[in-house]
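Protein chains: 4
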Amino acid sequence: MNNYSPIRAGIVGFRGYSGAEMVRILSRHPRAEPVLLEHLEKEERPRPVGHPGPPRVPFAPEAVRSEGLAAVFLATPADVSMQLAPALLASGAKVIDLSGAFRLGTAENFERWYHEPHTQPGLLKQAAYGLPEFCRGRIAEAQLIANPGCYPTAANLALKPLIDADVIEREAGIVCDAKSGVSGAGRKPTLKTSFCEVTGNFSTYAILEHRHVPEILRTSGIGESELSFTAQLIPIHRGILETIYFRAKNVSSSGVLFDIYHARYAAEPFVRLYEPGNVPDIRSISDTNFCDIGFQYDAPSRRAVIVAAIDNLGKGAAGQAVQNMNLALGFEETAGLL
Amino acid sequence: MNNYSPIRAGIVGFRGYSGAEMVRILSRHPRAEPVLLEHLEKEERPRPVGHPGPPRVPFAPEAVRSEGLAAVFLATPADVSMQLAPALLASGAKVIDLSGAFRLGTAENFERWYHEPHTQPGLLKQAAYGLPEFCRGRIAEAQLIANPGCYPTAANLALKPLIDADVIEREAGIVCDAKSGVSGAGRKPTLKTSFCEVTGNFSTYAILEHRHVPEILRTSGIGESELSFTAQLIPIHRGILETIYFRAKNVSSSGVLFDIYHARYAAEPFVRLYEPGNVPDIRSISDTNFCDIGFQYDAPSRRAVIVAAIDNLGKGAAGQAVQNMNLALGFEETAGLL
Amino acid sequence: MNNYSPIRAGIVGFRGYSGAEMVRILSRHPRAEPVLLEHLEKEERPRPVGHPGPPRVPFAPEAVRSEGLAAVFLATPADVSMQLAPALLASGAKVIDLSGAFRLGTAENFERWYHEPHTQPGLLKQAAYGLPEFCRGRIAEAQLIANPGCYPTAANLALKPLIDADVIEREAGIVCDAKSGVSGAGRKPTLKTSFCEVTGNFSTYAILEHRHVPEILRTSGIGESELSFTAQLIPIHRGILETIYFRAKNVSSSGVLFDIYHARYAAEPFVRLYEPGNVPDIRSISDTNFCDIGFQYDAPSRRAVIVAAIDNLGKGAAGQAVQNMNLALGFEETAGLL
Amino acid sequence: MNNYSPIRAGIVGFRGYSGAEMVRILSRHPRAEPVLLEHLEKEERPRPVGHPGPPRVPFAPEAVRSEGLAAVFLATPADVSMQLAPALLASGAKVIDLSGAFRLGTAENFERWYHEPHTQPGLLKQAAYGLPEFCRGRIAEAQLIANPGCYPTAANLALKPLIDADVIEREAGIVCDAKSGVSGAGRKPTLKTSFCEVTGNFSTYAILEHRHVPEILRTSGIGESELSFTAQLIPIHRGILETIYFRAKNVSSSGVLFDIYHARYAAEPFVRLYEPGNVPDIRSISDTNFCDIGFQYDAPSRRAVIVAAIDNLGKGAAGQAVQNMNLALGFEETAGLL
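Residue numbers (this note's numbering), protein chains in the order written: chain Z, 678 to 1015; chain W, 678 to 1015; chain C, 678 to 1015; chain G, 678 to 1015.
Hints listed in this document are in silico derivations from the structure and should not be mistaken for laboratory results.
Please read all numbers here as calculations on a predicted model, not as lab measurements.
One or more of the hints may lead you astray.
Any copy will do: because identical chains look the same in the list, a pair fits if it lies in one copy or spans two.
In silico DSBU-like links for lysine-lysine, alpha-carbon gap of 35 Å or less [as the list claims (entries may be wrong)]:
hint, residue 1, residue 2
1, K802, K865
2, K865, K926
3, K837, K802
4, K926, K837
5, K837, K865
6, K869, K837
With the hints as extra help, turn the sequences into a complete structure.
As structure tokens, this is what we get:
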């Protein structure tokens, strides 16, 4: 497929769900190979004899040079990412952080929504927000990339073209009713994510207060008081579906909405649209890097319902992180992702 | 607990999920005993030796008299209910119908939403809508009771007190994002409800067009263009959770909303409220006849999010049907349901 | 239903899955009322306003007298049960322990299988093994009852009549392939019981080494080298199904096996049999105190396959514990359990 | 990766679960491209605009020539496979049949276990049994390949090396307690595979009588009276785990068993072994073509428990079918499968 020798990409937090997905994607990536950077140990599953998996080395900033890492992924909590990023950046590698540490522009904004101090405010300005469909240029040039949150990825891809086209009656309010599989909550065992609490159940959390809200506001330009966002837990492993409601303006038919989306996304490899009246479900995007968007529109009453779906571990985390790596290292944007 | 000999209640459609739940509830009801009326055969599970279950007789209108049935439950599709109801009513039994046949007031309304002809328009006027919290008086006197749909039960209990108190800015729109377990779709095998299609998935259906919408409009007084209703399938057996969004008016604090609900429901045995900021999940009401209501309210922006949960087979079907039977036959309203 | 005022029964560990099931059963028990004994705090779910649930008091041995407790259930780990039991016994209450602390007859046996010291060996002799179908007399007289493990309850009910009738070719080996829902592992969050690890998966554990094995051996009389027992995790909340294999002797037809079971269990309220060739599944016994037993037998080859199913929280824990309380306090054995 | 232009492979039954998995595998296969052969229509999911999927043509034997198909996969029921196979063979394509039609050697054997007539007995002799680890030579030369059943694939890979090494005390009996995800039952909606019947449940079926039994006997050499085989339904989408029990002979330690397996499988790309005491679970092999084998052995009592796991749609169906195509067309055996 190519004659390049693959680059090596380090992964910190490879035992978490996003980290493990990164390993899986990179293991079949034509231009990159994963290197597991052991930072904090958790229990592991037995491996078959003779199948050791990717190479592992203890985490150390020097590993970037000794292991020849062109990129390092931080699939770690925000506080760990803030702690590890400076030395990694100093070592010259591209750093793609999957936490919320560098997404929100200012330390104040981070501290308001994450309820913890920001220990690396100096890095915020250089961080590119890693939503390729809207920030491709900056991503290609940045050394530090803040990979977007899962919920904001779907919400911004669904809403930003409509906000830009000014077809939402914003003062009537926009509702984003978001549902996620349990892997979005991470791998650390908690009562809320234990099997018996989740199976047979469906629950809301962080109503109006989810820390992903500011990412939606910042990227889309929607005002905080205009958006009602609720996060909810589906009893499934992976996948996000967001049902988005608003009253449209200047939209005489379904075709108008479709055309706005189509104009914006026809050339995008990872955003897929449906005919008006058809919508995706979670199965549509399982194990992919796609964001699928469909909608239902009632012109007389101007009620619009958008359905956007992504795999929270794909386009919502590891897939998008690899897409960002591809951009940052000059690879084909879709390499390893189709 | 009492010295009355129990009445006998017939169940048509006892092999469906609502029908089977009815059998379960009536089997431990202090005032009633189930009699299974065999109408159309479906395959069955083996039973343990010596545990034959409730008595079974072939369905026939005469069974009402020969078996001494004080009430008959129709856990059947609308067309079957329309076909069976007249003879049952003529036999003198109370008839509690779980289909949509007699809920919508007029044949026109039924035909618009159910896409089939109404064959018994003459019965529509005598049918009481079986939502006890708002129609208790009529239910007690009616011979034909139209048991409400599952989605409308939760939506009306959550919305009607607020509509009545005029605290919703209706012109901004009301969103009801509704989610249901799979038993709501009935027991007939279909691809959409087969295990491999549902597990690991979450999907929307009937966006803006669900046939339960007119029940919400009719009971709550909300206009069709004001309500955006989406039905969604959770990969669980039973339970409904509705996340309802609106902009409030004349609501200076959470306490105002709570007080409206509390004034309306404090004496209701099957509606439970939560402190502002707390909301139920599906586990809260599994296997019960409760409707649980909680909410989150942001006073400065007047964004309100209501969460209402019921068991679709309990308060959403069989439980409420028994509650209606209790009212219709003069039993304690909670008999067999706590 | 009766004119007695109900006794009060304390529950330690009421937030665990077995403990919560006990609360649920006792809340509708005609002769008993639950009292929650707060021993170690864990996080809780919000409760509806005005529905506080059963009374709660801090755990203390004196609570037995001050609260007038006729019985105390220990739904606690073995080490906690050993620590709390002596003072409770001294206070005069019946003590029903759901842990393995007092099931194995000797401290040596306990220490071999539980890998921890037995701190109350003096209590072992007075403990009655709480399998009513085989130990009813001792249970009625004992003050300390060791409620059986979930797996042994099903295995012993399935195997002991056949061992007693000497129809198993024991030297060929007996296989008990046991599967359990996740609640059997308790409520403490662990990686192994977290949703994303369990859903979509099925796994074995403790092959040949499960600590429930000695309970099977001790009750049934089977020798350790004759039994191959594997425990397995089904991705469901609750329920146990055991598939048991052996080569029969002196069994000329299915009817012979059925008659052995029927002779033993016809009068038992909580053991149900199926016609030869029919077997129960987990749905058969969900949320009940039944043990259902069915089998398939091939006479020419003498291959027998027994399927036994219980609800691990019902007959496998809380249900059987209440059955034992009923026996110990002289109530109807089935009170609160049908 | 290569310079060949890919061959085209037709798939009949591409909407079934095995067929859809075949499409997925072939879509990323370096040497082949899928062509969907529309035979019988079933309902479909909406597709994103501009993503039509693989080419579709109406099924006809002539399509083999007109579409240039080097191979045709029959992911169809046995009766359809028997009906379609002759014309396809006459057209010159390699035919890989996923049904049981051509697996059992004789029409008598087929008719005994499938309870239907064999309409193409003349083809039985030329069909190669498609278990590459044991039949690689014949597969490479055959035009008609009978892809093995899912259960027999795991059972034979686990048992045949031990039978060949004569380390099983066969007269004591061999137990194969097999569990499968629901996709093994096919995509046709039935009550037994509907979500509400399966979720929260676990059930046995076809005890001692499963039609996959004769495939195990035929390949492994085990006698029918020596094997007790039970099939069971796990509430998951895909995956098979078999727990196999026997009494060993001439096996002084775990290492002896391991060495037998290792000698047989060290060079096999799709069979993976675990250290003694470690076993795979279903997660180990999800979405792969691997068969993973681990075991626990107690030397003093000679009790052995083998755990074998495959993905029923991977190594149990579509993956193995592609492996067979690779062999039959002279491709790298692992092409498209790692």
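**Prompt:** Out of the numbered hints, which ones does the structure contradict?
**Reply:** Failing hint: just 2.
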